[in-house]
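Chains as they are written, first to last, in our numbering: chain A, 126 to 886; chain B, 68 to 232.
These are computed hints drawn from the structure, not numbers from a lab. Since the structure is predicted, the reported quantities are computational estimates derived from the model, not experimental observations. We put the beta carbon where it would ideally sit given N, CA and C, even for glycine. Keep in mind that a hint or two might mislead.
Unchecked claim - Not everything, but these chain B residues come out facing chain A in the computed CB check (under 7 Å): (1) Leu165; (2) Asn166; (3) Arg196.
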Amino acid sequence: MNSPGDVFAGRPLPRPPNTKRWIWVIVAILMAAFAGVGVVQWQQLRLLNSTVLYDSDNIVWSFYQVEHELTRLQHALAEAARDPARMDRETVQMRYDIFVSRLSHIEPERTAPYFPSASIQTDVLARLRAFVADADLHLGPQASQPLDAAALRWLGGRLESMRLSVHDLALWGNESVGAQAAARNAAVRHQNRIALGLALFQALLTVVFALIVVRQLRALEIRGQALEQLAHRLHSAHHDAEAASRTKTAFLANMSHELRTPFQGVLGMLALLREGPLTQEQSAQLRTATESANHLLALLNDVLDASTLEGAHLRLFPQPTSLERLLDEVESVMSSPAQNKGLELKVIRAANLPDTVEADAKRLKQILFNLMSNAVKFTDHGTVTLEVSVGGGTAARPLLLFEVRDTGIGMNRATIARLFQRFSQGDDSTSRRFGGTGLGLEISRGIAQLMGGDIDVVSVPGAGSRFTLRVALPARAPEALPPPAPALPLSHTPALRVLVVDDHPVNRDYMQALLTHFGHSVTLSANGRQAVDAVAQGSFDVVLMDLHMPIMDGFDATRAIRKLPPPGGRVIIVALTADAFRETREAAKRTGMNDFLAKPVQPIDLAECLARFFAPPAPPAPVTPDPTAWIDPSRADAAFSALAPGLHAKMLACFFDNDDGSAAAGTLLACLASGDQTRAASAAHALRGAALNLGLIRLAETAQTIETLDAADFAALAVDLYARVRSEMSATHDACVRAGWIATPAPRAPGTSAPGTSAPP
Amino acid sequence: MPTRRPLLLTLAAVALPLAVPIVWALDAPTGRVVLTIEFKASGRKVDFDMAMLEKLPQRSLTTGTPWYPKPRTFTGPLLRDVLAAAGASGTQLRLIALNDFKVGMPVSDADQYDVVLARLLDGQPMPVREKGPLFVIYPYDSNPELQSELFFNRSAWQLRTIEVQ
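Next comes chain B alone, as it looks inside the complex (with noise of 0.2 Å):
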């Protein structure tokens, strides 16, 4: 019935603000895992690899950093899309780097702020040794209030794991 599959759209377009959270049908990694998120409560995990974050809808933010002499442009999902995938519900998070390093982030900061989960830097791709392979950028150039200390540490490069509590 050529007719139902544009008003089932209309729908789900209607109610996608209201579905919360969206639960995106996940195919099983295939590549190298890059990214894995815990579910603290459950002991679920979801692994990603690089081609299942490309899938999600990417985000391009360019911004200046601490790390860099000068406004880069980072490229990604956003933190949040990536949550939703793995059908994160919660309200902490602990960002859990290559060399161990370890910071909390509310969840609510992936809701305020379009967080990038980068993975191209400029459009490449970013080795272990220049921070990648996943890099989490929020947009400090836009909003002043996050250029403090406490956004420059939650954000992690190296990022390889996240736990929800």
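Excised from the complex, chain A in its bound form (with noise of 0.2 Å):
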């Protein structure tokens, strides 16, 4: 399997090349690039504006036209000089007129914009203005003087000497406008160029930032290859992981169940053990070694609970549960503690509670036994209150809020933290002064998680805390309620020949000892082989059958078995195993078992195995009646009268005389003192059946509430109820001398010898 470092072990991941700032960089280098070109545009637009003003004024032609104009007036004032008497004065005006219209063309501020003005320029302009002065004098608007043939010669002669300037001056504007031209020329040719490289410096950007990009994008590429390898060797990691830890855990709750079935065995037989003659030292090394077996059990529960919560494997059986009944029960195991520590207790429930919610009875009382013991535990003065309220859903299924709140010490956050952590208590200085394995809160919130709810918390250090379980559970008729289990007493069941068949030979001495205990005969095998064999020989009235063994497993045995002639091929087979699946249940079914005993066994299960199979049924049990009443005369009087009149108070005498040491509630007592769970627990059964049968409703239920303990209750508890079923007794005799049934004003109670120093003689 791959650690986890191993996945972060091979090469590092590609970074991605910084190209962020590259990319800002090239954007910015393309932006200058376009500004440049618009720039060069703009001035070659400008260049070209300039060249069409150019052409529309024609700068050389002006020059040239003021030349010819001069000449044409040259001419003009020649032929009128020919015959001044005759001449064409309109003709002269017109041509004089013209040649002046001309001389604005060629000042220096309408060449200025195309070439530089030269001296050249200014001279021969201030000639000619010069000429005009004088020339107005005879051809202007307001000509003073005539213009006759001298000064038609003058003039003339004046026009002479400027030829050659105006003509030199038309040559320097076409030089001028030439040279501009040129220059011009070369301007737009070097724009071009500087065009010419900025478009290549674009292209080869554009050619830079595609690479960029290409690079770029196979880097994402491997990038996304390098993450995809890497979820999945995670995700190959995580299968390992995960893989590994269920091997864990199935590996504990092997374990913890494997530990169970020898420690049964232990248990069993210091159960035995104390059935002999012992001393009254020998009777307290028992109890101690008794109380710590339960313990330890007890813990193997809890890591069982756990880890079969864990691997999914812990199974509900939801059936119709009196509320109240559930309720009443809880009070009463949890108010010996509770007093034991000078605790009230207080159970409130709202009004609108349904009567009967469909649940898992036994797992709900679990849960609600484990926050009370709690908070009992860490409560030292104050109350401890359950609270059971309706919080919402519907009528069909509502959903019931379970407050569990006491005024102890409290939790700081830091605690709350790790409260439903596996293994985690409070915190150190806690766990060595209240003890236990830590299971208990999360094997709680499992159970409430499978029932689709949940358990939250709130704490204050010093205040107390309160715990919520929030569930919502389908309400049911009461109508819905399975009939309270009758009472069967063992001895109804007649002495039966048992074939016991387990390879473990502790289970097989335990086997023995209770069924012996219990007045039957016991034949042992140690595998199916010789279990079908014993079958084919001899005679049983039932089989115990272990499902797992060497040689031949207990499936194939009771198939061999069935294969057998009458009437060993239809012996009552009742399966015996530890993993109480339903699919092992049905399994053994299917191959032709009649029943199924979960391991340990426990001695009033076997009892009442036995007794389904061998025992006449017997008639159902009234209706519950008011349960604060001590007695209930409508029962006792169906159980007896059709009996002889007076019998019933001769066996409440009876009941109530402690002389007969195997009188239920002596052996009850005896039980508790010494913490002995398995037989107080027959104990229990057996008193409740005759409570029942009695009419001594109260005392049958604190049996049955004394039966159904767990072993981890059972040790918590027993002390507290040892009081508990003497004051009641006392209680309930005082019950039956008010109602007459019994004369006797004073009777012994039972079980006088205190806690821990009595066993049994």
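Dock the two chains into a complex; use the hints.
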């Protein structure tokens, strides 16, 4: 398996090139290049415009026009001078005006935009203007002197003297325009070169840009592939880790499971040992051993619960359950430890609670016991309250809130954060002070979540805690409740011939001891093969068959037995197995087994199982009357009306007489005193049956509570229950006296010896 | 009959756009001839003196030109009215200036643009030495396409003769 470190140990991921900055640089350069191209093109447009203006004015043409008009005026003057008397004055005037109109076109302010002025231009223009000033005396708008022959000759001479200068001026203009045009062309070429360069630069940048984009895309692609590989490696690492975790969980479950079986043997043997004659010292040692074993078993049960929860193997068996009865039971169980610590215990039921809900009562009680035991454990004075209310949901499926409040030491934030984690307790100091596996809350929350609910907690250090179980449970009509289990006195089962098949010697011995105690005769087999042979040869009433054995397992043995001829082939076969999964149960049924007992086998379960096959069914019990009453005459009447009068009183007297060591109440008290749960459960069962028949309903209820306690609760509550059974015996006796059922005013209280010091004689 | 004249005028006004070309009853020039319109095909000549041009509807146009640093106001008859007054029908004109400058112009220019045959510059007659007496002016400022060498060249100044072809 890869360790998580391996996942990252490979080639480091390619980093994406730091291109963001480069892209911005390129964008900036491109913008600058575009701006440059814009400037160049704008300048070109300006040059073009100036060329157009140049063309429009055609400066060179203007210079030559001046020279041309000068010549034409010269001719006109010469023509006129030839015969002044008959000269065409109008023609001369027009030629002069046209000549003058031309002069403004070669002034420096007109030519300045196209080429710089020069001295030749100003000099020649000055001479021309001077000529016009003189000529205007004869030809101007306000002519003051006649245009006679002399004036004509003088003007012609003046023109002739300027002709060459004007010609030079025209040539100079031509030259200047040419030079200007050449400069302009050079500028255009220069601009063109710049524009071309910029265009090439732009093209280059575009190529670079494209290359970067391509590189970036490739880097992204490579990175994507690397990420995909990494995700794949992480996925498989995660898968491996989960598999390892599952394996460990399964191992833990198996181990605690395997540990439970021999442990059950130890407990059974301890119980049987107590039956024998013991010294007081041995009895005390035995009790200590039993308590330790019970505690260890409770721890194992916790571990098993936690691992089955984690492996999602834990199943709920919901069935109609009376909420009222369930809460009564929780209250009655918890009242003793609470009283013991001087705490007030309150159970508050909202008025709108449904009577009956569909729930796995055993698991629901487990949660409530856990929460309330914690509350009691961590509270030194004050009150522990269980308040049950409806917090929403629908009428068909109300959301029930079970709120357990205490006034104990409370928890800080860090503690709460660790609270539901495995093996964690408040902190190391509380762990040392209060003990426990630390699995209780995890299991409780796991069960709550399995039920579709959850547990949350609010706590203030020093002020107490509030745990709330929220779970929506389907409401049921009260008629759906199964009738209370009929009391089956163990003695009703006749002596049976039992074949016990188990590969584990401890288990075999335990079963043998138990069955012998019940008065049955026992034969032992170590595997399926031996069992088939035994059934073929002997005759048995019932076979208790372990499922997992070497050589031949329980399934194969059952099939082989079922092929035997009667009566062997029809023997009752009860499967014994430690895995309580439904699949196993169904497989056992399919194979041909008649019933199923989960290991560790509780004596009461075994007795009930045997009774199912070999005792006549008891009549269904009537409805439970008012639970506050100590006794219920109707029940007593139902049981005794058909019998001899006075029998009821006689049996009641016998019930309250402690001299008979086998009397159920005495045995129960002894077991409570010694902390022997197995026997206590069995005695409580017997007590319950007897009490119910006699109409002593409160005692029957208490007995049932004791009977259904699990090992951990039993260990915690045994001392309190001892006191409670004693006080209830006394109170019930008083009630019987008041009802006139018995006459004796002062019976001897059973179990007068102090807890822990007595053993049945 | 006092009622017939307005009726005729109305009819004339309605028919006016349809009558092409409109021939104005021309007086013979009494002053100095400033413009001659010559018909190449017939050899006919129509002379105008300044008074005849003044009688035609006048148009004032203020526009920038390449020849003056600032926009100036030119006033005179529209070229197309002058041509119509001369009864001209043709497609191509040839403008000839006093200094023998010659340039061609399609008749369509006169129809398409309000080409003014300017005789006043800022309200004053233009002497020859100031590009007068007649100056062909296009409305350059209101038509950007006119601001080109082609139209500047057609804008003959010191105009003397228009040949109609």
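Hints versus structure:
Here the hint on Leu165 of chain B is kept, as its CB sits about 6 Å from the closest CB of chain A, short of 7 Å. The interface hint given for Asn166 of chain B holds, since its Cβ lies 5 Å from the closest Cβ of chain A, which is under the 7 Å cut-off. Look at Arg196 of chain B: its Cβ gets to within about 4 Å of chain A, closer than 7 Å, so that hint holds up.
The structure fails none of the hints (numbered hints given earlier).
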